[in-house]
Amino acid sequence: MSKVIIALGNDISTDDIYPGRFMATVLPSETPQFAFFDRTEFNAQLKAKAFPPGSIIVGGENFGCGSSREQACSTLKGHEVAVVARSISRIFLQNSINLGLQVVICPGIEASEGDELEITADQVINRTTGQRFEQMKLPAARKGIMDAGGLIPYTRARLMART
Amino acid sequence: MGMTVVEKILARAAGLPSVKVGDVVEPKVDLAMSHENAALVINQFLEVFQGTGLAPKIWDPSRIAIIFDHRVPAESPKTATNQKKIRGFVAEHGITKFHDVRGDVGGICHQILPEYGYVRPGYVVVGTDSHTTSHGALGAFSFGIGATEMASVWSLGIAVNIEVPATIKVVVKGEFPPMVGPKDLILHLIGKLTAQGANYKVLEFHGETIRKMSTSGRLAICNMSVEAGATSGIVPGDAETLRYLREEAGVTDPIPCVTPDPEATYIQTVEIDVSTLAPQVACPHMVDHVKSVDQVAGTKVQQIVIGSCTNGRLDDLEAAADILRGKKVAEGTRMLVFPASSKIFAKALDKGIVHDLMKAGAVVMNSGCGPCLGVHEGALGDHEVALSTTNRNFKGRMGNPTGEVYLCSPVVAAASAITGVITDPRKG
Ligand code: SF4
Chain L
1 MSKVIIALGN
11 DISTDDIYPG
21 RFMATVLPSE
31 TPQFAFFDRT
41 EFNAQLKAKA
51 FPPGSIIVGG
61 ENFGCGSSRE
71 QACSTLKGHE
81 VAVVARSISR
91 IFLQNSINLG
101 LQVVICPGIE
111 ASEGDELEIT
121 ADQVINRTTG
131 QRFEQMKLPA
141 ARKGIMDAGG
151 LIPYTRARLM
161 ART
Chain P
1001 MGMTVVEKIL
1011 ARAAGLPSVK
1021 VGDVVEPKVD
1031 LAMSHENAAL
1041 VINQFLEVFQ
1051 GTGLAPKIWD
1061 PSRIAIIFDH
1071 RVPAESPKTA
1081 TNQKKIRGFV
1091 AEHGITKFHD
1101 VRGDVGGICH
1111 QILPEYGYVR
1121 PGYVVVGTDS
1131 HTTSHGALGA
1141 FSFGIGATEM
1151 ASVWSLGIAV
1161 NIEVPATIKV
1171 VVKGEFPPMV
1181 GPKDLILHLI
1191 GKLTAQGANY
1201 KVLEFHGETI
1211 RKMSTSGRLA
1221 ICNMSVEAGA
1231 TSGIVPGDAE
1241 TLRYLREEAG
1251 VTDPIPCVTP
1261 DPEATYIQTV
1271 EIDVSTLAPQ
1281 VACPHMVDHV
1291 KSVDQVAGTK
1301 VQQIVIGSCT
1311 NGRLDDLEAA
1321 ADILRGKKVA
1331 EGTRMLVFPA
1341 SSKIFAKALD
1351 KGIVHDLMKA
1361 GAVVMNSGCG
1371 PCLGVHEGAL
1381 GDHEVALSTT
1391 NRNFKGRMGN
1401 PTGEVYLCSP
1411 VVAAASAITG
1421 VITDPRKG
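So the sequence lines, in the order shown, correspond to chains L and P. Start counting the first sequence at 1; every next residue gets the next number (our numbering). Start counting the second sequence at 1001; every next residue gets the next number (our numbering).
Treat the hints as calculated values from the structure; they're not laboratory data. Certain hints may be false.
Said to hold, decoys possible - As a list, the in silico DSS-like pairs of lysine-lysine whose alpha-carbon atoms are at most 27 Å apart:
| id | chain 1 | residue 1 | chain 2 | residue 2 |
| --- | --- | --- | --- | --- |
| 1 | P | LYS1327 | P | LYS1351 |
| 2 | P | LYS1427 | P | LYS1328 |
| 3 | P | LYS1173 | P | LYS1212 |
| 4 | L | LYS47 | P | LYS1395 |
| 5 | P | LYS1084 | P | LYS1097 |
| 6 | L | LYS143 | P | LYS1351 |
| 7 | P | LYS1192 | P | LYS1212 |
| 8 | P | LYS1078 | L | LYS47 |
| 9 | L | LYS143 | P | LYS1028 |
| 10 | P | LYS1395 | L | LYS49 |
| 11 | P | LYS1078 | P | LYS1351 |
| 12 | P | LYS1020 | L | LYS137 |
| 13 | P | LYS1097 | P | LYS1028 |
| 14 | P | LYS1343 | P | LYS1212 |
| 15 | P | LYS1343 | P | LYS1097 |
Unchecked claim - Label-pair distances were calculated between CB atoms; the ranges are:
| id | chain 1 | residue 1 | chain 2 | residue 2 | range |
| --- | --- | --- | --- | --- | --- |
| 16 | L | GLY144 | P | ARG1211 | 40 to 50 Å |
| 17 | L | GLU116 | P | GLU1175 | 57 to 67 Å |
| 18 | P | GLU1175 | L | THR163 | 57 to 67 Å |
Unchecked claim - Partial pick of chain L residues on the chain P-facing surface, computed with a CB cut under 8 Å:
| id | residue |
| --- | --- |
| 19 | SER13 |
| 20 | GLY20 |
| 21 | LYS49 |
| 22 | GLY60 |
| 23 | ASN62 |
| 24 | SER67 |
| 25 | SER68 |
| 26 | GLU70 |
| 27 | SER87 |
| 28 | ASN98 |
| 29 | ARG142 |
| 30 | THR155 |
| 31 | ARG158 |
| 32 | THR163 |
Keep in mind the model is a prediction, meaning the values are calculated, not measured. In this text, a Cβ means the ideal position worked out from N, Cα and C, and glycines have one as well.
Please take these sequences and the hints and turn them into a complete structure.
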């Protein structure tokens, strides 16, 4: 079970998650410090490691819209958080799968900061309110990438299979 | 059963007789574009080869384009060092479609690709930039991907696990009234569909208005298709596509166009008549927060921006100069103009457009992304308001989370520069 550390609204853009002015920083090892930088308090908590691994960011519709910057995923991955959102924009979803950031699409999710959630194979259970929400299954094709541990090992295996 | 344009393109690129929505395919990539974020792509690409015993090798260097645009000239030692690293990689791997920081062949990636004939109808184009949707203007299926996915493309030459997207047909009819154009059309459409209304879908543009529209206008509408969440926008290749590629991009080889089957299936059809459309403005902080200009007229503006991959082409600068010629930018308002490419800049010089704009008080900057993302130049002060021809107005865009960005066409921006407040150009 994991705690919701922030509950956000609809259309959270990658500019919000990782502001454009830090885009000269590219390496996944260096991006975590800028996560939600302009939400000063939340950024400080993340940097202070105030949240245990697996803590959950809840989003509304269209989470991760806007720029294709992969830093928006690597910055969250660096804090070992998971994202549960009503819907997720295409590039952000693919980037998350590619990098191994845990994302769950849960069209009906209702949760507030501080709620305890349990993510099962096909549901998200809000243990605080007792509500259960169905997950939307990720396309089977994406499973291959997740099973390989991300797109880099997946591509490496495909490459080796060719030679 | 018939296929849409994108279905036809994906079937061809995946070597299949046909595909349908939801199929998972692995299309061959015809062109793979990156900008400064190639620094991250290189990092991920080298990691793919780690431990394989294979030397890192790009599947086909002639199909890779790298354009420096986001921070040119470099704003920091960090960016300059990233650019230096990319230059080294480009030389080492024999990448020829490389556009460095230059006053002759430089510019914004989404302008350079069409301008140099790198994109053709029927191509599968991927780019590490969300506005890669732009190149649908030339009849290609063109979409944004992340850096790690690009590293995979560089290694394998295919885009792995692409789901065939559903297509929304957008039929546009009517003639634009004076002072109204393609930017107003796309802002209106985004307002109608919402910022997620086309998520995971393609916008395929049809109708007499599109057929008559220049490639410049088509680039603007496909560019902003992503703001409705679309995977891509696409205008099936036609006579104008051929004219542009032949006359402006200097392409001489055959250019086959791909058109949809008459019995193609669309998930939705949207019809728009532009003959009664007013100039549109997207208000802070969402691109789908669209109003007609009269609803926000009078809003005080400290910074006017004309440029970007959306509206930094010659016709955009010319339209602005026509309004500003002999007039002055209002006191207390600054106006920044950044042409989308060096070629456009040079043409604007030849035509006296740059002179007219400067005489009015505008600062004409080098080609590149400049103020669009505000990391480099043209950042907003605290609580300042910008009116811009760019494509995004999210909080923090233009470099300041307390700033506000309104989006509009070049004529609305130019008319407002004179008054210092958002102004209806039809009343100017
Ligand atoms: S001009 Fe703006 S939107 Fe276009 S590529 Fe540059 S940063 Fe992106």
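Structure-based check of each hint:
1. Between LYS1327/P and LYS1351/P the alpha-carbon distance is near 18 Å, which keeps this suggested pair within the 27 Å criterion.
2. Between LYS1427/P and LYS1328/P the CA atoms are separated by roughly 17 Å; this keeps the pair inside 27 Å, and the hint holds.
3. About 10 Å separates the Cα atoms of LYS1173/P and LYS1212/P, which keeps this hinted pair within 27 Å; it holds.
4. The hinted pair formed by LYS47/L and LYS1395/P meets the criterion: a straight-line CA distance of about 22 Å does not exceed 27 Å.
5. Taken as a hint, the LYS1084/P and LYS1097/P pair is honoured in the structure, with Cα atoms around 16 Å apart against an allowance of 27 Å.
6. This hinted pair does not check out: LYS143/L and LYS1351/P have alpha carbons roughly 55 Å apart, beyond 27 Å.
7. With a C-alpha separation of about 23 Å, the suggested pairing of LYS1192/P with LYS1212/P holds against the 27 Å cut-off.
8. Simply put, LYS1078/P and LYS47/L have alpha-carbon atoms about 22 Å apart, close enough for the 27 Å limit, and the pair holds.
9. The straight-line distance between the Cα atoms of LYS143/L and LYS1028/P is roughly 21 Å, inside the 27 Å bound, and the hint therefore holds.
10. Between LYS1395/P and LYS49/L the alpha-carbon distance is near 26 Å, which keeps this suggested pair within the 27 Å criterion.
11. Proposed proximity of LYS1078/P and LYS1351/P is contradicted: the alpha carbons are some 37 Å apart, above 27 Å.
12. For the suggested pair LYS1020/P and LYS137/L, the alpha carbons sit about 20 Å apart, so the restraint of at most 27 Å is met.
13. At roughly 19 Å between alpha-carbon atoms, LYS1097/P and LYS1028/P fall within 27 Å of each other, so this suggested pair holds.
14. For a cut-off of 27 Å, the pair hint linking LYS1343/P to LYS1212/P stands: about 24 Å separates their Cα positions.
15. For the hint linking LYS1343/P to LYS1097/P, the alpha-carbon distance of about 16 Å falls within 27 Å, and the restraint holds.
16. A hinted range of 40 to 50 Å holds for the C-beta pair GLY144/L and ARG1211/P, which are about 42 Å apart.
17. Checked against the hint of 57 to 67 Å, the pair GLU116/L and GLU1175/P passes, with Cβ atoms roughly 59 Å apart.
18. In this structure, GLU1175/P and THR163/L meet the distance hint of 57 to 67 Å, their C-beta atoms being roughly 58 Å apart.
19. The interface hint given for SER13/L is met, as the beta carbon of that residue sits about 4 Å from the closest beta carbon of chain P, less than 8 Å.
20. Checking GLY20/L against chain P by beta carbon gives a least distance of about 5 Å; that is within 8 Å, so the hint holds.
21. Below 8 Å, beta-carbon pairs count as interface contacts, and LYS49/L has none with chain P, the closest being about 24 Å; its hint is therefore violated.
22. Hint on GLY60/L is violated. Least Cβ distance to chain P is approximately 10 Å, over the 8 Å limit.
23. Residue-level restraint check for ASN62/L holds (minimum Cβ-Cβ distance to chain P is 4 Å; threshold 8 Å).
24. At a threshold of 8 Å, the smallest CB-CB gap from SER67/L to chain P is about 5 Å, leaving the interface hint in force.
25. At its closest, the beta carbon of SER68/L sits 4 Å from a beta carbon of chain P; the interface hint therefore holds under the 8 Å criterion.
26. Contact between GLU70/L and chain P, as hinted, is supported at the beta carbon level, the nearest pair being about 4 Å apart and thus within 8 Å.
27. Given hint, SER87/L at the interface with chain P, holds; its Cβ is 7 Å from that chain's nearest Cβ, closer than 8 Å.
28. The beta carbon of ASN98/L is positioned within 8 Å of a beta carbon in chain P (closest approach about 4 Å), and the interface hint is therefore held.
29. Checking ARG142/L against chain P by beta carbon gives a least distance of about 6 Å; that is within 8 Å, so the hint holds.
30. The beta carbon of THR155/L is positioned within 8 Å of a beta carbon in chain P (closest approach about 4 Å), and the interface hint is therefore held.
31. Given the 8 Å rule on beta carbons, the hint for ARG158/L holds: about 6 Å separates it from the nearest Cβ of chain P.
32. The interface hint given for THR163/L holds, since its Cβ lies 7 Å from the closest Cβ of chain P, which is under the 8 Å cut-off.
Consistency note: the structure conflicts with the earlier hints numbered 6, 11, 21 and 22.
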